[in-house]
Every structure is written in structure tokens, then in C-alpha cells.
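Colleague: Sequence:
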Amino acid sequence: MTFYCPKCNRYGMEWDGRAKVLMCYYNSCNHIIRIENQKRIPSPEKISEVIEEDAKRMRNNVHTDKIIPLGLSTGAAGT
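Mapping of the sequence shown onto our numbering: position 11 corresponds to residue 15, and the numbering continues sequentially without gaps.
Please note that the accuracy of each hint is not assured.
Simulated crosslink set (DMTMM-like; lysine to aspartate or glutamate; CA at most 25 Å straight-line) [unchecked claim]:
#1 Lys24 / Glu40
#2 Lys24 / Glu57
#3 Lys24 / Glu56
No wet-lab data here; the hints were simulated from the structure.
Could you build the full structure based on these sequences and the hints that come with them?
Modeller: Have a look at this one:
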């Protein structure tokens, strides 16, 4: 079953059972969504829920995979 990818806006998201992730199989995208503590194939409802959460995170521009050290300048003058 193929699902909508929140990054490239195409139907390319599929469950990768070996890696235990949702992965967009378009070469220009390759977006990955990890589902925590998933031992079996998730239900379509669970997959849709996780994709919607990821889409909201992308709309809000929240990056949970990048750590920004404290004390570094963000480009503001005088800091």
C-alpha cells in the first residue's frame, strides 16, 4: 500500500519492513519517517496518523534531527 509523502507531495511512501520505517521511494525525495516501537506492520490508520504528524512538523518547520549548540550566534548583530 502506498501513502502520500508530506515532503514531495506524491504517493511514494511505503512501509519498509526491514528498516522499520516509512520511506518515500522517489529518487528525488527519499523522505523517511520512523515509527517508534513498531514490531509489526502498522495499520493504515497508524501510518496515516504518523504521516499527518510529520506533515504538521514540516509545516511548522520544526527540525528534531538537528541539534543547535547554545551560545552560537544565529546571525544577529552584536551577538
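Colleague: Indicate, hint by hint, whether the structure satisfies it.
Modeller: The hints, checked one at a time:
1. Lys24 / Glu40: holds, 9 Å
2. Lys24 / Glu57: holds, 17 Å
3. Lys24 / Glu56: Given that 25 Å is the threshold and the Cα spacing comes to 18 Å, the pair holds.
Checked against the numbered hints given earlier, the structure satisfies every one of them.
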